[in-house]
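Trainee: What follows is the residue order along each chain.
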Amino acid sequence: MSETLLELRNIKKSFGTTDVLNGIGLSISRGEFITFLGASGCGKTTTLRIIAGLEKPDEGQVLLEGRDVTYLEPHQRDVNTVFQNYALFPHMNVEANVGYGLKIRKVPKEEIKKRVSDMLKLVQLDGYEKRMPSELSGGQKQRVAIARALINSPKLLLLDEPLGALDLKLRRAMQTELKRLQKKLGITFLYITHDQEEAINMSDRIVVMREGKFEQIGTPDEIYNCPKTSYVADFVGNANIIEGIVRQAGEEEILVETEGQIVKAVSDPGVQAGDKISLAVRRENMKVCGDCEEGLEAVLKDKSFQAGQLHMTLNLNSGKEITVSRYGMDAPLSQGQKVRISWEPQHAVPVDIRREA
Amino acid sequence: MRKKWKWSNLYLGLLILLMYLPIVIVVVFSFNESRLSASFTGFSLKWYEALAADRDLKEALVNSIILGAASCLLSAVIGTLGAVGMARVKYKSKGMMEYLSTIPIMIPEIILGMVFLVFFSLLNLPFGMTTLILAHTTFCIPYIFMMVKARLVGIDKSLEEAALDLGATPVRAFFDITIPLIAPAILSGSLLAFAMSFDDVVISIFVNGPRLNTLPVKVYAQLKTGVTPEINALCTVILLVIVLVLGISALAGKKTHKSKDGE
Ligand SMILES: Nc1ncnc2c1ncn2[C@@H]1O[C@H](COP(=O)(O)OP(=O)(O)OP(=O)(O)O)[C@@H](O)[C@H]1O
Ligand SMILES: [Mg+2]
Numbered sequence: 015m016s017e018t019l020l021e022l023r024n025i026k027k028s029f030g031t032t033d034v035l036n037g038i039g040l041s042i043s044r045g046e047f048i049t050f051l052g053a054s055g056c057g058k059t060t061t062l063r064i065i066a067g068l069e070k071p072d073e074g075q076v077l078l079e080g081r082d083v084t085y086l087e088p089h090q091r092d093v094n095t096v097f098q099n100y101a102l103f104p105h106m107n108v109e110a111n112v113g114y115g116l117k118i119r120k121v122p123k124e125e126i127k128k129r130v131s132d133m134l135k136l137v138q139l140d141g142y143e144k145r146m147p148s149e150l151s152g153g154q155k156q157r158v159a160i161a162r163a164l165i166n167s168p169k170l171l172l173l174d175e176p177l178g179a180l181d182l183k184l185r186r187a188m189q190t191e192l193k194r195l196q197k198k199l200g201i202t203f204l205y206i207t208h209d210q211e212e213a214i215n216m217s218d219r220i221v222v223m224r225e226g227k228f229e230q231i232g233t234p235d236e237i238y239n240c241p242k243t244s245y246v247a248d249f250v251g252n253a254n255i256i257e258g259i260v261r262q263a264g265e266e267e268i269l270v271e272t273e274g275q276i277v278k279a280v281s282d283p284g285v286q287a288g289d290k291i292s293l294a295v296r297r298e299n300m301k302v303c304g305d306c307e308e309g310l311e312a313v314l315k316d317k318s319f320q321a322g323q324l325h326m327t328l329n330l331n332s333g334k335e336i337t338v339s340r341y342g343m344d345a346p347l348s349q350g351q352k353v354r355i356s357w358e359p360q361h362a363v364p365v366d367i368r369r370e371a
Numbered sequence: 077m078r079k080k081w082k083w084s085n086l087y088l089g090l091l092i093l094l095m096y097l098p099i100v101i102v103v104v105f106s107f108n109e110s111r112l113s114a115s116f117t118g119f120s121l122k123w124y125e126a127l128a129a130d131r132d133l134k135e136a137l138v139n140s141i142i143l144g145a146a147s148c149l150l151s152a153v154i155g156t157l158g159a160v161g162m163a164r165v166k167y168k169s170k171g172m173m174e175y176l177s178t179i180p181i182m183i184p185e186i187i188l189g190m191v192f193l194v195f196f197s198l199l200n201l202p203f204g205m206t207t208l209i210l211a212h213t214t215f216c217i218p219y220i221f222m223m224v225k226a227r228l229v230g231i232d233k234s235l236e237e238a239a240l241d242l243g244a245t246p247v248r249a250f251f252d253i254t255i256p257l258i259a260p261a262i263l264s265g266s267l268l269a270f271a272m273s274f275d276d277v278v279i280s281i282f283v284n285g286p287r288l289n290t291l292p293v294k295v296y297a298q299l300k301t302g303v304t305p306e307i308n309a310l311c312t313v314i315l316l317v318i319v320l321v322l323g324i325s326a327l328a329g330k331k332t333h334k335s336k337d338g339e
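As given, the protein sequences belong to chains A and B, one line each in that order. Quick note: the first sequence, position 273, residue 287 per my numbering, numbers continuous. Quick note: the second sequence, position 149, residue 225 per my numbering, numbers continuous.
Please note: incorrect hints may appear among the correct ones.
[Unchecked claim] Looking from chain A toward chain B, a few residues come up when the C-beta cut is under 8 angstroms (computed):
no.	residue
1	Leu68
2	His105
3	Tyr114
4	Gly115
I should point out that these hints are in silico values taken from the structure, not numbers from a laboratory. Please read these numbers as outputs of a predicted model, since none were measured by experiment. Every residue, glycine too, gets a C-beta built ideally from N, C-alpha and C.
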């Protein structure tokens, strides 16, 4: 697992006057399932295209197994891509699509036929050899696209939002199937998504991207439970961000002044008294209660019930909006009521630590 | 509402009558027994027989076919490469260049013919098949260029990238992916070009030289001695060829749209 397969060194890329990638660096180990997570337009596809060789970076290097491949053409790299829109060849049937890579490598016809049929079995599409892409459903197209890339046994498979066009149920099923394929074949996957659940479910490591930079790299657990910035906390965990100043930094807990009150949060080795920080508290970890003595004062503004969860919108004294959610419908609270918001100290994570010089 | 519908039908009927009546008359009188085209005296195929016996005419027909085939092949290659190349570059002046390359369609034929005449004389080219092919290729290119360009717009750029990604060289990806996808457009463009070349008189007259005749030029020359039923028969044959070619072209075009919808 520790052997490095791909390394990106300080990659920069701009289109015209817009900087799309601002110096990103990363190394990926063999056999890893790594996911790029980020909002639309943050440069995920551009990064992938640079790795595939379809785009050349302005600066920086791409190293595959230690070899500099930055300026090699796509056909000279052992990397295959599953495109965002599948890009199946519309004039070829499934068999010809999947066998295309082998045909180019001049593999004998008989062997191509056999390997294509094995590969189709693997993605559970046996018997579809003669179908044209226009006769396939979205999920089937997607599996053909994956089969077409995987049959070449690439060192690295790049997948650009492969499940983006599928409905939720099929998405779940395909997530499991992809993960199974990856384990079985032992191929390194670099996966793009803007769906945080998908990233958390599938990845060994997640790279959170924001405006052409890597905001945080870590395991799903680290990203979800120990976000380093408010952006990550909000994007991955739908957390509420509350700004404050550290008044006291203890071994296990810290005291933070916010909204004219003192609240508790989990301690972080980088935090000292006097630092300006933000606290990230996920919606489901906040408690709202009508007759408590402790917690931040707030006014309940709105309640709504969605997907089995009750969402409450509250305003703090400063006017800042907070969203709290929990399972179940019962909330003996009415709109406009004065309430208090509290949380367990370990659920408030310090992020965006800023120290006055 | 109903009345309006009737008026528009009448208008349409009149239009079609005006457009097609002359053609129908020519076709009908090509089967006329009598040499005079004043009245239809009886059915006969003798003018077609006369046509078949005419040596000069056969030669002209062969010339026309060679000319049409050669200029449509040449313009297919040049027009396709032009459209594909144009789709890949990103000049600021690209729109201007595309406009310029379709201009031969808009210039009056008589001017084009004169320009070719002057140009070829300056080059000291002997007038004949070569000059005919050069001239016809030139005015056929825009048809193919426009057809292929329109088809290319509908093709996803990532298809060729997918081929590159799977290990194809750029040349291989072009022949494996792009060419099959634009083939219907090339075909329908070529057939249109062939039809254009096959019935051209104006430009051909300027560059055909003293001895070489194409079929339409021959018809035009014979008209000087009055309209004979023989010419009616000849026109009918040419008409048939053109309708056939355009029919195939339309079918190919239809297929293009179908496969576009399928994507
Ligand atoms: N060929 C190009 N020319 C100009 N700008 C481009 C080009 N390709 C991408 N961009 C710009 O670069 C930025 C990043 O694009 P990219 O496709 O990498 O985003 P993404 O993260 O993949 O987004 P999405 O999730 O929507 O697919 C965008 O602002 C986009 O407009
Ligand atoms: Mg993208």
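Trainee: Against the structure shown, which of the earlier numbered hints fail to hold, in ascending order?
Mentor: No hint contradicted; all consistent.
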